[in-house]
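A.B. asks: Let's have the full structure, built from the sequences with the hints guiding it.
Chains as they are written, first to last, in our numbering: chain A, 21 to 144; chain B, 21 to 144.
If you're looking for bench data, these hints aren't it; they were derived computationally from the structure. Keep in mind that a hint or two might mislead.
Identical copies look the same in the list; a pair holds intra-copy or inter-copy alike.
Claimed, not checked - With a cut-off of at most 25 Å between alpha-carbon atoms, the simulated BS3-like pairs for lysine-lysine come out as follows:
hint	residue 1	residue 2
1	LYS86	LYS136
2	LYS45	LYS86
3	LYS45	LYS136
Protein chains: 2
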Amino acid sequence: SGPWMCYPGQAFQVPALPGCRPLLKLQCNGSQVPEAVLRDCCQQLADISEWPRCGALYSMLDSMYKEHGVSEGQAGTGAFPSCRREVVKLTAASITAVCRLPIVVDASGDGAYVCKDVAAYPDA
Amino acid sequence: SGPWMCYPGQAFQVPALPGCRPLLKLQCNGSQVPEAVLRDCCQQLADISEWPRCGALYSMLDSMYKEHGVSEGQAGTGAFPSCRREVVKLTAASITAVCRLPIVVDASGDGAYVCKDVAAYPDA
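C.D. replies: Now the structure itself:
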């Protein structure tokens, strides 16, 4: 079922986390999130192990921006017409915390609930 | 019941959000969070309106660091002995999302679920 990206410590289907895209779009502008949307996203994220979870979220965010390409940056267009990029990336980084799914920070093996690499997604 | 900080759009008791301190400490190193800890924090955060919620989290984070003063920065000491500062501030910024409580981004009135000002807490 689809291709897999396989880096050390990373394995997830691409395009990553289709079920989390509606959650991110709703949350980044402060909309209420239906329980079913939250459940779908958290289930997909739970199916990915602690190591590659943040990589999957990063991949999802990256493809959401890249699919929209040139229109990005113009107000009212792009993947997130009503959210600023700094809010989008912080919101994406917090999805693991919202789902209460821990992640591994890096090679140190330290745990956390927010994806710092996703929060550091490039600004443009 | 204690002093109040009153800026335009801000009103919360200080020290802010005592019930969210244990949540932040547990989450920032990836520990499991007991339901009762989560409930206490989210209840306190729900009692603060959308405008000052992020200010309250910022104030909480700031006082947690300042209470530990000089010891901060030494490994294994300070307010967060086992968490790096960048993870701590991202985790604090996501507490509103974990509690599913919306916030207001700024004077634009835009909504969100993560506190970008908390995520931008100074690095040292």
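A.B. asks: Work down the list of hints and note, for each, if the structure agrees.
C.D. replies: Hint by hint, here is what the structure shows:
1. LYS86 with LYS136: Both: 20 Å inside a copy, 23 Å across copies.
2. LYS45 with LYS86: Cα proximity of LYS45 and LYS86: one copy only (15 Å, versus 36 Å across).
3. LYS45 with LYS136: both (19 Å within a copy, 17 Å between copies)
Checked against the numbered hints listed earlier, the structure breaks none of them; every hint is satisfied.
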